[in-house]
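Can you build the whole structure from these sequences, using the hints too?
Here the protein sequences come in this chain order: A, B and C. Under our numbering, the first residue of the first sequence carries the number 1, and numbering increases by one thereafter. Under our numbering, the first residue of the second sequence carries the number 442, and numbering increases by one thereafter. Under our numbering, the first residue of the third sequence carries the number 927, and numbering increases by one thereafter.
In case anyone wonders, no lab produced these hints; they're calculated from the structure. Check the hints yourself; a few may be wrong.
Straight-line alpha carbon distances no greater than 35 Å define the calculated DSBU-like cross-link-like pairs of lysine-lysine that follow [said to hold, decoys possible]:
(1) C/K949 <-> B/K921
(2) B/K532 <-> B/K834
(3) B/K737 <-> B/K675
(4) A/K385 <-> A/K441
(5) A/K167 <-> B/K606
(6) B/K834 <-> C/K934
(7) B/K793 <-> C/K928
(8) A/K319 <-> B/K606
(9) B/K834 <-> C/K928
(10) B/K790 <-> C/K1057
(11) A/K152 <-> B/K532
(12) A/K319 <-> A/K368
(13) C/K995 <-> B/K837
(14) C/K949 <-> B/K831
(15) C/K995 <-> B/K921
What follows is a set of in silico ranges between Cβ atoms, one per label pair, in the way DEER data are often shown [what the hints assert, rightly or not]:
(16) C/P1040 <-> A/R226: 39 to 45 Å
(17) A/R410 <-> C/Q977: 56 to 62 Å
(18) A/P43 <-> B/V444: 38 to 44 Å
(19) B/W486 <-> A/K282: 44 to 50 Å
(20) C/S931 <-> A/R226: 21 to 27 Å
(21) C/R1049 <-> B/E630: 36 to 42 Å
(22) A/K319 <-> B/T506: 40 to 46 Å
(23) B/T506 <-> A/G65: 31 to 37 Å
(24) B/E553 <-> A/P21: 51 to 57 Å
Listed below are several chain A residues computed to face chain B (Cβ distance under 8 Å; list not exhaustive) [said to hold, decoys possible]:
(25) V18
(26) L23
(27) S29
(28) H162
(29) Y165
(30) V180
(31) D200
(32) A228
(33) F245
(34) T295
(35) Q313
(36) E409
(37) Y412
(38) L415
Using N, Cα and C, we set each Cβ at its ideal position, and we do this for glycine too.
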Amino acid sequence: MRYVPHTEDDIRAMLDVVGAPDLDALFASIPAGARRPEGLNLPEALTEMELTAHMSALAGAGGQGFQVYAGAGSYEHFVPAAVGYLLGRSEFVTAYTPYQPEISQGTLQAIYEYQTLVSRLLGFEAANASMYDGATALAEALLMSLRINKKKTKVAVSRAIHPNYRKVVETYFRPTGYEVVELPFDGAGRTVLDGMNLADLAGLAVGSPNFFGVVEDLGPMAAKVRDAGALFITSFTEPLAYGVFKNPGSLGADIACGEGQSLGLPRSFGGPGLGMFATLMKHIRNIPGRLVGRTHDLSGRRGFVLTLSTREQHIRREKAVSNICTNNSLCALAAAMYMASAGSTGLAALARQNRDKAEYLKGRLAEKGLVSPFPGPTFNEFVVKMPQGFEARWKELLGQKIMAGLPIERYYPELAGHYLFCATEVHSRENLDRLAAEVTK
Amino acid sequence: MTVFPGDSGLIFNEPLLWEKGKKGRVGISLPRPDVPEAAPLGDQWAGPAPDFPDLGEVDVVRHYTRLSQWNFGVDSGMYPLGSCTMKYNPKINERMAALPGLADVHPLLPEEYVQGPLRLMYELQNLLTEVTGMDAISVQPTAGAHGELAGMLVIHAYHRSNGEKRSRIIVPDTAHGTNPASAALCGMEPLGIQSNDQGILPVEAVAAVMDESVAGIMVTNPNTLGLFEENFQKIAQVVHSKGGLVYCDGANMNAIMGIAHLGRLGVDVMHLNLHKTFSTPHGGGGPGSGPVLVRKHLEKFLPVPRIVKDGDRYRLSDDFPDSIGRLHAFYGNFGVMIKAYSYIMTLGKDLKKASQVAVLNANYIKEQLKSVLHLAYDRPCMHECVFSDKNQKDQKITTLDMVKRLMDYGFHPPTIYFPLVVHGAIMIEPTETECKEDIDVFIEAFKSVVREALEDPEALHRAPSRSKVRRLDETAAARKPCLIN
Amino acid sequence: MKELSDLKFPADVRYAADHEWAKIVNGVARVGISDFAQDQLGDITFVELPQVGDTFGKGDEFGTLESTKAVSELIAPLSGEVVAVNEALEDNPALVNGEPYEGGWIIEVRPEDPAEMNDLMDRDAYVEMLKNQS
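Now the structure itself:
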């Protein structure tokens, strides 16, 4: 049988050692009423060739071969061959969480390097080993602000943060008794703090670039929020933006958290992604998730271990800072490989190309009178108000395997007819020209 | 004379990323610019390039290849890490997960263009409800603890829908730390109860604390001592009679596939770990997938969006007003689900055989090692067995010393110092994918370590000696945390 | 872990069953943990201290001690207001291991009821308790 190497003789010999007459006898401790004598009603086992055929059919019914001009938290970037190849090394893939550091130095050093790369990209003093995704990272950041500002019971979240992220925050907060309030956005698609009593808040979260692709003016907000004694949290879905834009750490954020799928991971129908999470050392004892630290071995050689574990569930149980255990370590490794491959020079160049492509598309659409209601700087995504009746054309284009932006009315009813477009380095000028022509046909 | 897998060879040193490379090198092939440069951003917005090292492709490839060689994975050798089910991760599953029509799909494409992925998720859900005997499921949670949180949110929502706020939940002393931590996230205070001298939960202990203020109970079954909770049905009756719900942590499902029916056992809510029982690789700490399963009466509380089948079409629906809400930016770790789906389709009904042999392997190790190691509970076990270092006390040899030495023999250590109820615990879970010969070598290696404890205890205190680094100073790491370079 | 005979139990402090010690000098009680407790915990990596001005009742948790694999609560051996904390522990938590009764003291408390000192054990009673436990 596949993946069970035992011969009938092996089983016989082992049963003899155990002193059981047959395999069923091993389960004597399971009460009769909890058994399933009827067995499992599962499909016939498939051979490798049959499975391949079956899965290829499923894959053929997927969104293969689409030109997708939408991001909204999931981006198409070119993944270098070396990253995919290295990520497949089974010593990385088939290891557990590095509980035994002597034989896990590969994972540990790689995650330490990941923490460093993330801290530098986002402008912070520390980063954790990863969270599940950008949405859960935001929920955890807000909970962290309540641990730090123990006497407060309210947090605020910008309405311009990814709508699904805000939904996840709602789910996490519902049983806690803490209050989550929403901050509105203005006509420029930027978050408005006016009218909010900041002193009431444990933490306040703003996305940048936000869901509309708009880069927020974080500096002045950070100052106000921190002066009021709240933690300033920034969320993101596209970390490549910090290859050209100022990063949140340099603008005064206490925590930056978001989705790192852009950095070397396929879109994979939305997961697994990578929850990135960075903060300042003064907050480190409240950070959720695993941390790798540098130390030395008995011979004085440099080595790495999981550290500050007393924050975590396996030691502090119900008093732990989070319940997270398994995170998205291999995705963090992919991101580290991607960032290491790109380097400072490459990442900046890639980021510039992304912005160039998006600005080009923005320009081509503007020539047709299709303009963004939000005039501020954007990275590789932007919102455009499309003409009346565009929905029909949008559906037609889907039939041609072109996703011409994402309609955002379902998330923001007041933005009916508005579409969120995205262009990255994978979209050629020719294709962008074609898109601009097709949407107005 | 047995040849143990552990040996030593040339191990490469490899510096940190920023200790190599040269400014201006690039390890990726930058796309050719084909559009005009955008207008400059200006000082208010423009930031410097990130402070990364600049490396060539060969630098990067050697770096990670060498790092990987310092790691031990299931593909390197036996990895009997208790409660983690480190079984072989079939390679075909990796290939299936990389099929472009699955790996390259944008999650917000309209439903009619993602029928394949939706069907896969829908069918995986059906397969998992069949394996467990539960009625309904969501595959959205991305890890075991995330599934637990989903389950606790369901329990919280259920009581709220009855107009109740129950703020306590029973959690036995053998539970994983994630159990009380997940309960605490839902504002529930864990009520500890102790297992008996047989290593299982007595009904009376549950009855003594169960009342109308208690939301329910969280039980890992089989438990972390590797024992089936024989009183589970009676405990479920006690909990149900006071209006509580029964949560089962399914981390140890690998012992009972095709054998136990969790619905009949009295479970209301449970989670699975696809990265344990269903063979998806653990990746050095994730990504995982932790589906949450419920009985019919709790289905309406499951996370949204849910996958709905209308005729032969699949769609996503948020239209479940009682739902606990959304737990992930999209639909969970789809890439992991593909691998678990492939695995189940490959094994079919043989999943039962996998469980039977997993239990056989564990009992075989238990019988063979109990002459040299103290067995915490001398009774038939499920998929894992728990020893301790009690027999080695006189030699001042601890569990840690023994398992570190086991590395030199070429084995990954078992889970140690857990569960907490066994002092110096050594929890061995071989899984079904280890063949008899390899298990025999493992047993012999452990016996040899025990002999060394008597004859050459220093070899154990010094161990491991063949790994890239020796024992590391964890105290120094925690006292002066150095988390980035 | 050491044998009881290898541990120090000075006679000029009084001990609580939770292994804290207290000693009153000039009306202020200095509080720490015993040599036995530090030995059981292993290398202390972090001490979570209360703030000056906090008040605790006897038996309340006033902070935590962390080692790499465990967290233990510090229990107030007597009631009162914290008048000083040992800031040296922030940089050097190893003091609790190295000199538990001297440089490794944890807080100073203005006792609400100095008579509570009488409820604590003297050296002999504490050592007797430890012997019975082992």
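Now the hints, each set against the structure:
Proposed proximity of C/K949 and B/K921 is supported: the alpha carbons are some 31 Å apart, at most 35 Å. Distance hint between B/K532 and B/K834 is unfulfilled; the C-alpha atoms sit about 43 Å from each other, more than 35 Å. A threshold of 35 Å between alpha carbons decides the hint, and for B/K737 with B/K675 the separation of about 21 Å falls inside it, so the pair holds. Under the criterion of a C-alpha separation no larger than 35 Å, the hint pairing A/K385 with A/K441 is consistent with the structure, at around 16 Å.
Pair hint A/K167 plus B/K606 holds up; C-alpha atoms about 23 Å apart against a cutoff of 35 Å. Simply put, B/K834 and C/K934 have alpha-carbon atoms about 24 Å apart, close enough for the 35 Å limit, and the pair holds. Restraint check for B/K793 and C/K928: not satisfied, since their Cα atoms lie roughly 50 Å apart, outside the 35 Å limit. Proximity of A/K319 to B/K606 is assessed by CA-CA distance (about 21 Å); at most 35 Å being required, the pair is judged to hold.
Restraint check for B/K834 and C/K928: the C-alpha separation of about 14 Å stays at or below 35 Å, so the hint holds. At roughly 58 Å between alpha-carbon atoms, B/K790 and C/K1057 are farther apart than 35 Å, so this suggested pair is violated. Simply put, A/K152 and B/K532 have alpha-carbon atoms about 50 Å apart, too far for the 35 Å limit, and the pair is violated. With a CA separation close to 58 Å, the supplied pair A/K319 and A/K368 exceeds the 35 Å bound.
Using a Cα cut-off of 35 Å, the hinted pair C/K995 and B/K837 holds, with the two alpha carbons roughly 20 Å apart. Taking the CA atoms of C/K949 and B/K831, the gap is about 39 Å. The hint is violated against a cut of 35 Å. Straight-line distance between C-alpha atoms of C/K995 and B/K921 comes to about 16 Å, which keeps the hinted pair within the 35 Å bound. The given range of 39 to 45 Å is respected by C/P1040 and A/R226, whose C-beta atoms sit roughly 44 Å from each other.
A hinted range of 56 to 62 Å is violated for the C-beta pair A/R410 and C/Q977, which are about 49 Å apart. The beta-carbon spacing between A/P43 and B/V444, approximately 42 Å, falls within the hinted interval of 38 to 44 Å. Look at B/W486 against A/K282: about 28 Å separates their beta carbons, and that is not inside 44 to 50 Å. The hint said 21 to 27 Å for the Cβ distance between C/S931 and A/R226, and at roughly 55 Å that hint is violated.
Distance hint check: the CB atoms of C/R1049 and B/E630 are about 38 Å apart, consistent with the given range 36 to 42 Å. Roughly 41 Å separates the CB atoms of A/K319 and B/T506, a value that falls within the hinted 40 to 46 Å. Range check, B/T506 to A/G65: about 33 Å between beta-carbon atoms, so the 31 to 37 Å window is met. Range check, B/E553 to A/P21: about 56 Å between beta-carbon atoms, so the 51 to 57 Å window is met.
For A/V18, the interface hint holds, the least distance from its beta-carbon to any beta-carbon of chain B being 4 Å, beneath 8 Å. Taking 8 Å as the C-beta cut-off, the interface hint given for A/L23 holds, the closest approach to chain B being about 4 Å. The interface hint given for A/S29 is met, as the beta carbon of that residue sits about 4 Å from the closest beta carbon of chain B, less than 8 Å. The interface hint given for A/H162 is met, as the beta carbon of that residue sits about 7 Å from the closest beta carbon of chain B, less than 8 Å.
Nearest Cβ of chain B to the Cβ of A/Y165: about 6 Å, under the 8 Å cut. The hint holds. Look at A/V180: its Cβ only gets to about 12 Å from chain B, farther than 8 Å, so that hint breaks. For A/D200, the interface hint is violated, the least distance from its beta-carbon to any beta-carbon of chain B being 21 Å, above 8 Å. The criterion of a C-beta within 8 Å of any C-beta in chain B is not met by A/A228, whose closest approach is roughly 23 Å, and the hint is violated.
The interface hint given for A/F245 holds, since its Cβ lies 5 Å from the closest Cβ of chain B, which is under the 8 Å cut-off. Among the interface hints, the one on A/T295 holds; its C-beta lies about 4 Å from the nearest C-beta in chain B, closer than the 8 Å criterion. With its C-beta approaching chain B no nearer than about 4 Å, A/Q313 sits inside the 8 Å limit, and its interface hint holds. For A/E409, the interface hint is violated, since its Cβ never comes within 8 Å of a Cβ in chain B; the closest pair sits about 13 Å apart.
For A/Y412, the interface hint is violated, since its Cβ never comes within 8 Å of a Cβ in chain B; the closest pair sits about 15 Å apart. The criterion of a C-beta within 8 Å of any C-beta in chain B is not met by A/L415, whose closest approach is roughly 16 Å, and the hint is violated.
Violated hints, in rising order: 2, 7, 10, 11, 12, 14, 17, 19, 20, 30, 31, 32, 36, 37, 38; the structure is consistent with all others.
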